[in-house]
Amino acid sequence: MRRDTVGQVRRTFMLWGALVFATLSLAACYESQRDACPSGLVCPNAMKCSASGNSCIRDTDTCGDGVIQEEEACDDGNILDGDGCRSDCKSLEKCGDGSEDDGEVCDDGNLISGDGCREDCKSSEVCGNNIVDTARGEVCDDGGTESGDGCSADCKSNETCGNGIWDIAAGERCDDGNNENGDKCTADCQQGGVCRNGVQEEGEECDDGNEIDSDLCSNHCRAPRCGDGIKNRDEECDDAGETSTCDLDCTLPLCGDGNVNHNVGEQCDSGHPGEDTPACTKDCKVSFCGDEYVNRKANEECDTGVGGGRGCSATCKVMVCGNRKREAEEACDDGNTLSCGTCNSTCTEGWTLKTAEGHIKLLRPYGFVGDGWKFAIGAGGDVPVVFEFDRDGNAGSGTVKIDLGNNPTDEKIVERIKGAIESKQDAAGVTAALVPVSGGLSFVKLVSRKPGLAGNQLIGVDSAGGFSSTFEVVGLTGGLGKDCSKGVGCWSDDDCANGLSCKVRDGVNKCWD
Numbered sequence: 001m002r003r004d005t006v007g008q009v010r011r012t013f014m015l016w017g018a019l020v021f022a023t024l025s026l027a028a029c030y031e032s033q034r035d036a037c038p039s040g041l042v043c044p045n046a047m048k049c050s051a052s053g054n055s056c057i058r059d060t061d062t063c064g065d066g067v068i069q070e071e072e073a074c075d076d077g078n079i080l081d082g083d084g085c086r087s088d089c090k091s092l093e094k095c096g097d098g099s100e101d102d103g104e105v106c107d108d109g110n111l112i113s114g115d116g117c118r119e120d121c122k123s124s125e126v127c128g129n130n131i132v133d134t135a136r137g138e139v140c141d142d143g144g145t146e147s148g149d150g151c152s153a154d155c156k157s158n159e160t161c162g163n164g165i166w167d168i169a170a171g172e173r174c175d176d177g178n179n180e181n182g183d184k185c186t187a188d189c190q191q192g193g194v195c196r197n198g199v200q201e202e203g204e205e206c207d208d209g210n211e212i213d214s215d216l217c218s219n220h221c222r223a224p225r226c227g228d229g230i231k232n233r234d235e236e237c238d239d240a241g242e243t244s245t246c247d248l249d250c251t252l253p254l255c256g257d258g259n260v261n262h263n264v265g266e267q268c269d270s271g272h273p274g275e276d277t278p279a280c281t282k283d284c285k286v287s288f289c290g291d292e293y294v295n296r297k298a299n300e301e302c303d304t305g306v307g308g309g310r311g312c313s314a315t316c317k318v319m320v321c322g323n324r325k326r327e328a329e330e331a332c333d334d335g336n337t338l339s340c341g342t343c344n345s346t347c348t349e350g351w352t353l354k355t356a357e358g359h360i361k362l363l364r365p366y367g368f369v370g371d372g373w374k375f376a377i378g379a380g381g382d383v384p385v386v387f388e389f390d391r392d393g394n395a396g397s398g399t400v401k402i403d404l405g406n407n408p409t410d411e412k413i414v415e416r417i418k419g420a421i422e423s424k425q426d427a428a429g430v431t432a433a434l435v436p437v438s439g440g441l442s443f444v445k446l447v448s449r450k451p452g453l454a455g456n457q458l459i460g461v462d463s464a465g466g467f468s469s470t471f472e473v474v475g476l477t478g479g480l481g482k483d484c485s486k487g488v489g490c491w492s493d494d495d496c497a498n499g500l501s502c503k504v505r506d507g508v509n510k511c512w513d
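Read left to right, the sequence shown gives residues 1 to 513 (the UniProt record's numbering).
Derived by calculation from the structure, the hints in this document are not laboratory data. The beta-carbon is built from N, C-alpha and C at its ideal position, and this holds for glycine as well. A couple of the hints might just be wrong.
What the hints assert, rightly or not - Below, a list of computed lysine-lysine pairs in the DSSO-like style, where the Cα atoms sit at most 27 Å apart:
| hint | residue 1 | residue 2 |
| --- | --- | --- |
| 1 | K361 | K374 |
| 2 | K325 | K282 |
| 3 | K325 | K285 |
| 4 | K282 | K297 |
| 5 | K450 | K486 |
| 6 | K361 | K401 |
| 7 | K90 | K285 |
| 8 | K374 | K412 |
| 9 | K374 | K445 |
| 10 | K317 | K445 |
| 11 | K317 | K297 |
| 12 | K361 | K445 |
| 13 | K90 | K122 |
| 14 | K445 | K354 |
| 15 | K325 | K361 |
| 16 | K297 | K374 |
To be verified - Pairwise CB distance ranges, derived in the manner of DEER restraints:
| hint | residue 1 | residue 2 | range |
| --- | --- | --- | --- |
| 17 | T243 | L80 | 45 to 51 Å |
| 18 | A240 | P273 | 22 to 28 Å |
| 19 | E119 | T251 | 39 to 45 Å |
| 20 | E301 | P436 | 15 to 21 Å |
| 21 | G241 | S492 | 51 to 57 Å |
| 22 | G128 | L248 | 30 to 36 Å |
| 23 | E205 | T251 | 56 to 62 Å |
| 24 | F288 | E119 | 41 to 47 Å |
| 25 | I68 | G227 | 25 to 31 Å |
| 26 | T243 | D506 | 33 to 39 Å |
All chains, please: the whole structure from these sequences, using the hints.
Laid out in structure tokens, this is it:
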């Protein structure tokens, strides 16, 4: 075969191979594209179209799917900023939502000026940001924090003569708040009764003629004293009052120095550094039984909090009852030393959970049931439910009617009492049931919907007429347990008040919601 023919075959073969490779590559690329959006955008593997179809999001992402999920503040179906929902769905992009967005310099979660972030979120309300924040007392703001340039370093003065602020850096020698001559300061703020002119004048305690504030005479011509806001030579600090960095006596705050400084969290200060006293701990906290700190100087053997528990009494003495272990002669131990739950405070008597019960019985025949007689049940609500027997349809507003019309039999009266209570069982907090009596008249049995001690409830009856001689009414009694409050030790859910359950936290069983 000729060389040129062989070369041609080789070239043809190489071209064919390149075409195959390109075709395979295109196929591979095609297979990696998985989701085509309505906008024409095609999302690759592990990606999907956003709800708007304008962008791709990861399969595992929820932001952009158009559904507001848990921990999302919004979801408008895309992952773009600036359209009222941030690209991470964590912010509605509006001032006051607590999230700093584009165009905002701060966002403290409210629309109130004067708290470090202006109501439009455009200023952090600091002097020197070139924004006049009047809510913070600024009258000017030139973008700097230097005095003498038309705006004082604290932005509280526009450094004009007559504004009542002595602007020394602006060349003023006085400023009495006006531009008149003949008073203590001239109209140009250059002369008059001026402090620091070296002459002690009326109203001045001293005048040393200099501008050194921390020497024996302040720049306001006052003798140095603790509390004047000027740190003088014998003072450790002076913040013009108690602060987190200075005590009232112008010494640095120190627990144990005898000065109670509330700004650093001190509740007391015994003057004994590093030592407990009966009334004050070494950390300068008021000491009391129940503060969960064992203060030996106060004769505490233990301290597990208010009410005690976990082997410690309410008087901070070590004990066994209340440790949730039935030991020695204990009849029970529900984990507390209170008279709540299913065990008494001394662990000598226990009981099982009991629900309060009561009843209403008709003792005399129908003719003795009076029109307008009332009784009230309020075991389950703040406002008792009032039931009224009504013969002529004139029952009072706000009462539950028990119909006496059409001469019902005694058994029907009992049934209607039961029905009326049953219709209001949620508000009254009781369930009602008819209990048949062999050879006699049925009666209405009442059972509290609140288990335990909370279900005990008197039933109020009408004192007028012969109600008490016609009906036997026994309030809801006998409820035991389910009355331990939140944070109290427990043995089981039967000890905890309604809405709470017995849970282990920090290794201890307590009633929690």
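Taking the numbered hints from earlier one at a time, note which ones the structure violates and give those numbers from smallest to largest. 2, 3, 7, 10, 15, 16, 20, 23 and 25
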